[in-house]
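Chemist: Next come the chains, spelled out residue by residue.
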Amino acid sequence: ILNVEQSPQSLHVQEGDSTNFTCSFPSSNFYALHWYRWETAKSPEALFVMTLNGDEKKKGRISATLNTKEGYSYLYIKGSQPEDSATYLCALWAGTASKLTFGTGTRLQVTL
Amino acid sequence: SQTIHQWPATLVQPVGSPLSLECTVEGTSNPNLYWYRQAAGRGLQLLFYSVGIGQISSEVPQNLSASRPQDRQFILSSKKLLLSDSGFYLCASYDRVGQRDEKLFFGSGTQLSVL
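Same order as they appear, the protein sequences are chains W and L.
Those letters in the first sequence? Residues 1 to 112, per the working numbering, in order.
Those letters in the second sequence? Residues 1 to 115, per the working numbering, in order.
Be careful, since some hints might not be right.
As the list claims (entries may be wrong) - Facing chain L, according to a computed beta carbon distance under 7 angstroms, are these residues of chain W, among others: (1) Thr40; (2) Pro44; (3) Lys99.
Unchecked claim - Within a straight-line C-alpha distance of at most 35 angstroms, the following computed DSBU-like cross-link-like pairs (lysine-lysine) qualify: (4) W:Lys42 <-> L:Lys80; (5) W:Lys69 <-> W:Lys59; (6) W:Lys58 <-> W:Lys42; (7) W:Lys42 <-> L:Lys79; (8) W:Lys78 <-> W:Lys58.
Said to hold, decoys possible - Some, not all, of what chain W presents toward chain L, calculated at C-beta under 7 angstroms: (9) Val49; (10) Thr51; (11) Ala94; (12) Thr96.
Note that these hints are calculated values from the structure, not bench results.
Cβ coordinates follow ideal geometry from the N, Cα and C atoms, glycine included.
With the sequences and hints as input, model every part of the structure.
Modeler: In structure tokens form, the structure reads like this:
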């Protein structure tokens, strides 16, 4: 059983703050690391799919980095806005598996 | 890109009643299909996945079953619901013959309340 861990479990920041979350995963047999954004009562939506060690991806104010050798990925949000409030999930695709293993998520709440 | 149709959006069922949730996929062929559940206060738990018609893998022992009668149809069922089956159920699809950076597409989810 793969263990994908996310921290912190929840986070409460003020509008305009920058923040970051961590996803830790087993580094052996790595294939891809996914980040999803999940708003309440909606479907999870893919932010990034990262496949190479050292990958850095950016989408607006959100960016992510990947270190496959040490088994972690960081998600950064610059200048948080209330609409960024959601649960952020990372998920590992390992080796020849036919499934993603999700972490338990980081719940972000951004207030005015 | 893919579109996942999942219904119903909400469902309230009595304990002991049967369940059938249906998911259909457009925009791809021969995808991997998945059923996930989020129980209250928890993350996303994989229940079943399928790599082809009639092929079902179960991730956790439970009161539910899944079937894939057609390439782009995935059904989650139960003969008798338990209170613990309450939760938010998501169907997802993955294009396994695509590129390595393919993402998972999710349906809109079903909120199931067993009373």
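Chemist: For each hint, tell me whether it holds in the structure or not.
Modeler: Consistency of the hints with the structure:
Hint status for Thr40 of chain W relative to chain L: violated, with the closest Cβ pair at about 10 angstroms, above 7 angstroms. The criterion of a C-beta within 7 angstroms of any C-beta in chain L is met by Pro44 of chain W, whose closest approach is roughly 5 angstroms, and the hint holds. Taken as an interface hint, Lys99 of chain W checks out: its beta carbon lies about 5 angstroms from the nearest beta carbon of chain L, inside 7 angstroms. As the CA atoms of Lys42 of chain W and Lys80 of chain L are separated by approximately 27 angstroms, the hinted pair is consistent with the 35 angstroms bound.
A C-alpha spacing of about 24 angstroms is found between Lys69 of chain W and Lys59 of chain W, which places the hinted pair at or below 35 angstroms, so the restraint holds. Between Lys58 of chain W and Lys42 of chain W the alpha-carbon distance is near 23 angstroms, which keeps this suggested pair within the 35 angstroms criterion. Of the supplied pair hints, the one linking Lys42 of chain W and Lys79 of chain L holds, its CA atoms being roughly 28 angstroms apart against a limit of 35 angstroms. Among the hinted pairs, Lys78 of chain W with Lys58 of chain W is consistent with the structure: their alpha-carbon atoms are about 11 angstroms apart, no more than 35 angstroms.
Proximity of Val49 of chain W to chain L holds as hinted, the smallest CB-CB distance being about 4 angstroms (cut-off 7 angstroms). The restraint placing Thr51 of chain W at the interface with chain L holds, with a minimum CB-CB distance near 5 angstroms, inside the 7 angstroms limit. With 7 angstroms as the threshold, the beta carbon of Ala94 of chain W stays out of range of chain L, its nearest partner Cβ sitting at about 13 angstroms, so the hint is violated. Checking Thr96 of chain W against chain L: minimum C-beta separation of about 11 angstroms lies over 7 angstroms; hint violated.
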